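*Asks:* This is what each chain is made of:
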Amino acid sequence: MRDRFVPVILDGYLKGTGAEREFLKRVDLVGNGFTYLTAGGRKLGGDSYLGATGMAKALEEFSRLSEAERKARIALPADPGKPAAIPLAPPPGCLIANVYFTYLEADGKGGFRRALWHVEGQPGTEPGSGHGRNQVLTHIDKLWLTEAEWRSLIPPDPKPGRVHPVPPAILERLARFYATDMAHRSTGDRVRAAELELRVESASETGVTLRLEGRTRTGRAFEAPPPDAESSETPGLCGAELDFLGYLHYDRKKDAFDRFDIVALGEGWGGNRHQAATTNYYRGGEHRRWPMGIAFQLLTTRRPIDRIPPQNANPYRCGEAYWKAAKQAD
Amino acid sequence: MTTLGALTFLWTQLQIQPLAPERFEGLHALILPQGREFAWYEEIPWLTSIEEALEKAAAEGKPILVWTSADGQPCGAT
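The listed protein sequences correspond, in order, to chains A and B.
Numbering-wise, my numbering puts 282 at position 282 of the first sequence, and it's gapless, one number per residue.
Heads up, my numbering is the position in the second sequence plus 330, with the first residue counted as 1.
Please keep in mind that the hints were generated in silico from the structure rather than gathered at the bench.
Note that the structure is a prediction, hence the values are computed from the model and not measured.
Please note: incorrect hints may appear among the correct ones.
[What the hints assert, rightly or not] Computed beta-carbon distance windows for the label pairs:
1) Ala-350(B) x Arg-302(A): 19 to 27 angstroms
2) Ser-202(A) x Phe-368(B): 14 to 22 angstroms
3) Ala-350(B) x Gly-18(A): 50 to 58 angstroms
4) Pro-83(A) x Glu-352(B): 43 to 51 angstroms
5) Gly-93(A) x Gly-391(B): 15 to 23 angstroms
6) Ser-63(A) x Glu-382(B): 19 to 27 angstroms
7) Glu-373(B) x Ala-78(A): 30 to 38 angstroms
8) Glu-355(B) x Ser-48(A): 37 to 45 angstroms
9) Asp-107(A) x Glu-382(B): 43 to 51 angstroms
10) Tyr-371(B) x Thr-53(A): 18 to 26 angstroms
11) Tyr-371(B) x Arg-151(A): 27 to 35 angstroms
12) Glu-382(B) x Pro-160(A): 44 to 52 angstroms
13) Gly-391(B) x Asp-107(A): 50 to 58 angstroms
14) Tyr-316(A) x Gly-365(B): 27 to 35 angstroms
Using N, Cα and C, we set each Cβ at its ideal position, and we do this for glycine too.
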């Protein structure tokens with residue numbers, strides 16, 4: 001795929017400018033899967049739903065074309081289209097972090113190991129069981145902080161031992177959009193409690209190291225068994241309790257953070273058995289707490305894939321609320 | 331408090347503080363993608379615009395593979 005194709009990923013809701021969308025409609029783009037095309041807009045065989053199973057067929061068809069047909073390029077009109085259908089770009093100077101989520105389980109030695117994402121109805125307890133659907137997986141999202149926001153994390157007069165709260169807008173963003181079962185696709189859980197603080201660990205002419213600590217309580221408080229008239233799958237029964245610990249380093253020379261590593265560790269509950277990612281909760285139909293972990297890691301590259309927006313910043317999820325979390329929570 | 335009681339208390343505290351600083355690096359690494367789990371993400375030079383893909387495909391004489399998710403961005407959180 002890497003060497004023989006030009007690979008492109010498109011958000012099903014935000015396929016691009018009006019001209020790009022018109023082109024994609026004309027070539028009958030597969031809505032949820034893989035489509036193969038020439039640069040001239042000719043569709044190649046091998047379209048497939050979900051899996052990239054038609055690559056060989058598409059390559060064979062492409063090889064039968066003349067060089068002129070292979071290199072012809074369709075010109076799209078310069079039409080900016082509806083801005084709402086164009087994927088968001090990170091604001092200038094934005095700090096971008098990858099945010100990884102996974103389920104955990106006790107390892108019997110006082111620590112944790114990765115847990116299987118068990119798909120309801122698929123037998124087996126090993127990775128690859130259940131017709132390959134039960135796997136140990138990691139879910140990815142992005143965190144964006146504007147330049148003004150990440151600068152607000154650095155105290156004006158950093159002295160070792162000094163403690164200050166995480167600024168409200170960042171606290172609310174972390175709590176509402178990340179301190180949750182991210183595989184369940186929360187679109188902003190209710191924040192029951194959130195306290196995060198930054199302690200200056202060291203400060204010098206070269207930089208400032210901050211330790212982030214605290215805890216969040218989001219969604220609905222856990223009750224087992226579920227209250228009367230509610231089942232384990234009642235909408236809105238989801239919640240999470242997480243402890244945070246992180247290390248951030250601001251490099252004065254680069255005038256940027258060069259470390260933004262955070263772990264959130266705790267438990268979540270609630271979900272829906274039809275969402276594969278959350279069925280761990282439902283083995284046996286039991287409403288229970290499940291260990292989970294979230295890791296933030298600074299992204300220093302800016303490839304197209306690095307610029308994919310946080311899911312809840314998209315207009316089809318929470319849009320502006322992503323940036324105005326603190327205001328909304330009032 | 332007896333010595334045994336104090337030890338028990340300390341052990342209990344350790345058990346309920348899984349996010350202690352000395353465990354940070356191990357936990358962070360545990361949650362990140364494991365092995366080649368994200369090879370499909372990291373090792374494929376995905377573009378995110380069909381216009382750019384058309385340009386590159388014509389220049390390199392290659393076919394375009396478009397991956398679309400009906401419910402968001404295939405390489406993001408959907």
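*Asks:* Would you mind marking each hint as holding or not holding in the structure?
*Replies:* Hint by hint, here is what the structure shows:
At about 35 angstroms, the CB distance of Ala-350(B) to Arg-302(A) disagrees with the hint of 19 to 27 angstroms. Look at Ser-202(A) against Phe-368(B): about 32 angstroms separates their beta carbons, and that is not inside 14 to 22 angstroms. Between Ala-350(B) and Gly-18(A), the C-beta spacing of about 54 angstroms keeps the proposed range 50 to 58 angstroms intact. A beta carbon spacing of about 48 angstroms between Pro-83(A) and Glu-352(B) agrees with the range 43 to 51 angstroms that was offered as a hint.
In this structure the hint that Gly-93(A) and Gly-391(B) lie 15 to 23 angstroms apart at CB is violated, the actual value being about 38 angstroms. For the pair Ser-63(A) and Glu-382(B), the supplied restraint of 19 to 27 angstroms holds, since their beta-carbon distance comes to about 24 angstroms. One distance hint, 30 to 38 angstroms for the beta-carbon pair Glu-373(B) and Ala-78(A), holds here, with the actual separation near 33 angstroms. Taken as a hint, the range 37 to 45 angstroms holds for the pair Glu-355(B) and Ser-48(A), whose Cβ atoms sit roughly 41 angstroms apart.
About 45 angstroms separates the C-beta atoms of Asp-107(A) and Glu-382(B), a value consistent with the hinted range of 43 to 51 angstroms. A hinted range of 18 to 26 angstroms holds for the C-beta pair Tyr-371(B) and Thr-53(A), which are about 20 angstroms apart. Between Tyr-371(B) and Arg-151(A), the C-beta spacing of about 30 angstroms keeps the proposed range 27 to 35 angstroms intact. Hint check: Glu-382(B) to Pro-160(A), Cβ distance near 47 angstroms, so the stated range 44 to 52 angstroms holds.
In this structure, Gly-391(B) and Asp-107(A) meet the distance hint of 50 to 58 angstroms, their C-beta atoms being roughly 51 angstroms apart. For the pair Tyr-316(A) and Gly-365(B), the beta carbons lie near 33 angstroms from each other, so the given range of 27 to 35 angstroms is met.
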